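Enquirer: Based on the sequences and whatever the hints tell you, model everything.
Chain by chain, the residues run as shown.
There are 2 protein chains.
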Amino acid sequence: MVRAGLTVERLTQAGAELADEVGFEQVTVSAVARRFDVKVASLYSHLKNSHDLKTRIAQLALAELADRGATALAGRAGKDALTAFADVYRDYAQEHPGRYTAARFRLDPEVAAASAGARHAQMMRAILRGYDLTEPDQTHAVRLLGSVFHGYVSLEAAGAFSHSAPDSQESWSRIVESLDALLRHWPASASVSAY
Amino acid sequence: MVRAGLTVERLTQAGAELADEVGFEQVTVSAVARRFDVKVASLYSHLKNSHDLKTRIAQLALAELADRGATALAGRAGKDALTAFADVYRDYAQEHPGRYTAARFRLDPEVAAASAGARHAQMMRAILRGYDLTEPDQTHAVRLLGSVFHGYVSLEAAGAFSHSAPDSQESWSRIVESLDALLRHWPASASVSAY
DNA sequence: TGCATCTACCTAATAGCTTTAGGCAAATGA
DNA sequence: TCATTTGCCTAAAGCTATTAGGTAGATGCA
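Protein chains in written order, with UniProt numbering: chain F, 1 to 195; chain C, 1 to 195.
Please keep in mind that the hints were generated in silico from the structure rather than gathered at the bench.
Keep in mind it's a predicted model, so treat the numbers as computed, not measured.
Idealized CB from N, CA, C, for every residue including glycine.
Each hint should be verified, as a subset may be incorrect.
Taking CB as the label site, the calculated pair distances span [as the list claims (entries may be wrong)]:
1. C:Ala4 <-> F:Ala126: 37 to 43 Å
2. C:Gly75 <-> F:Asp67: 48 to 54 Å
3. C:Glu95 <-> F:His51: 26 to 32 Å
Sample of chain F residues facing chain C (criterion: CB under 8 Å; computed from the structure) [to be verified]:
4. Leu47
5. Arg76
6. Val148
7. Phe161
Expert: Shown next as structure tokens:
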């Protein structure tokens, strides 16, 4: 009996590939076992359970996304940085739809704290350094950027923009441009706004 | 043998309630059957399958959300309309987290076309009439609003904003205000922008 | 009212996924 | 070379989905 050489890392990687091929929801312990031509029960020496597998795929995706973000941000600032970072999200979701979905998998608080999630927020703040925002507006802006990136990408993945003109790429560019403009002219609180 | 009086509507309603209680992912044909104290197979006279059940819950949620949106928009315009409509999304997601998730369930194209989804887009365009946008910018703006509303609400539901200051309500208000400002001063295309 | 039909819900069965318990053989290391 | 560790296996129980076919309650018509 030749051993398959299973490790948590290989299982996670295979799960991530499977997610991209058939969707994160369809990733099961059984399907991963099949991929290694191994009995299902064998995976339970490496994984706690199904939730554990999904959590690991989510962490992998978050880390990959953060790595790409860091690379994109290197040597860039201002609108250039904003655009590059935004494209990282959108491109990743298009190249790896299953992993992108995995990245939105709800993690347990402790796991989330130890994940690459924090790096994402740090990078957004780094981008915002190119704009003139101070707390608490910077935090509001981080949340806005996160919402737009995630919201757009997931609506697009759901096909929401695929059956109407203009094409999605154009909206994406214009939206990122408009965010740049908004960040450059972030309005003061409504009650005192003279915008 | 007393009959339970199952109908597609009651099953859908029960499924929606279940979704709010335990999460849309946990809504199963079995769980709904249990709720009516009926055998699982009995539901298959009313529902095609599990996917059918989920689709119906999604349609219910989309319709409820559209109804609330329409009510909120009545007699309002401009920033007032924008704020009220935005709050409809956020409040609905908070009151009915399972239904809100259901509303994002990917529908088959024909089902989607017949759903309340179109009403949502129409309402956004109605709001934008209060701003000075013409095509294709209006479409870009519809997509931006959809992205921000959905993105913010789903990140918030995932707990992304719950462990840091300032509190989520404040960010939400400021973000909606900033969108209002952005729509009032929508930048021309980048290449010719003098913003 | 009585009977035929319809249909709502049932039992039974198959199949897939999850998870645990316990076993054997390959790898490791003294 | 032998003991130990450990990787993968078989077996089994429990849950969900789905289909086929049966029975009794509800409905409609004479």
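Enquirer: Hint by hint, say whether it matches the structure.
Expert: Now the hints, each set against the structure:
Distance hint check: the CB atoms of Ala4 of chain C and Ala126 of chain F are about 59 Å apart, inconsistent with the given range 37 to 43 Å. The given range of 48 to 54 Å is respected by Gly75 of chain C and Asp67 of chain F, whose C-beta atoms sit roughly 50 Å from each other. The supplied range of 26 to 32 Å is met by Glu95 of chain C and His51 of chain F, whose beta-carbon atoms lie about 27 Å from each other. At its closest, the beta carbon of Leu47 of chain F sits 20 Å from a beta carbon of chain C; the interface hint therefore is violated under the 8 Å criterion.
At a threshold of 8 Å, the smallest CB-CB gap from Arg76 of chain F to chain C is about 16 Å, leaving the interface hint violated. Annotation: interface hint on Val148 of chain F holds; nearest CB of chain C at approximately 5 Å, less than 8 Å. Using the Cβ-Cβ criterion of 8 Å, the hint placing Phe161 of chain F at the interface with chain C is satisfied: the shortest such distance is roughly 6 Å.
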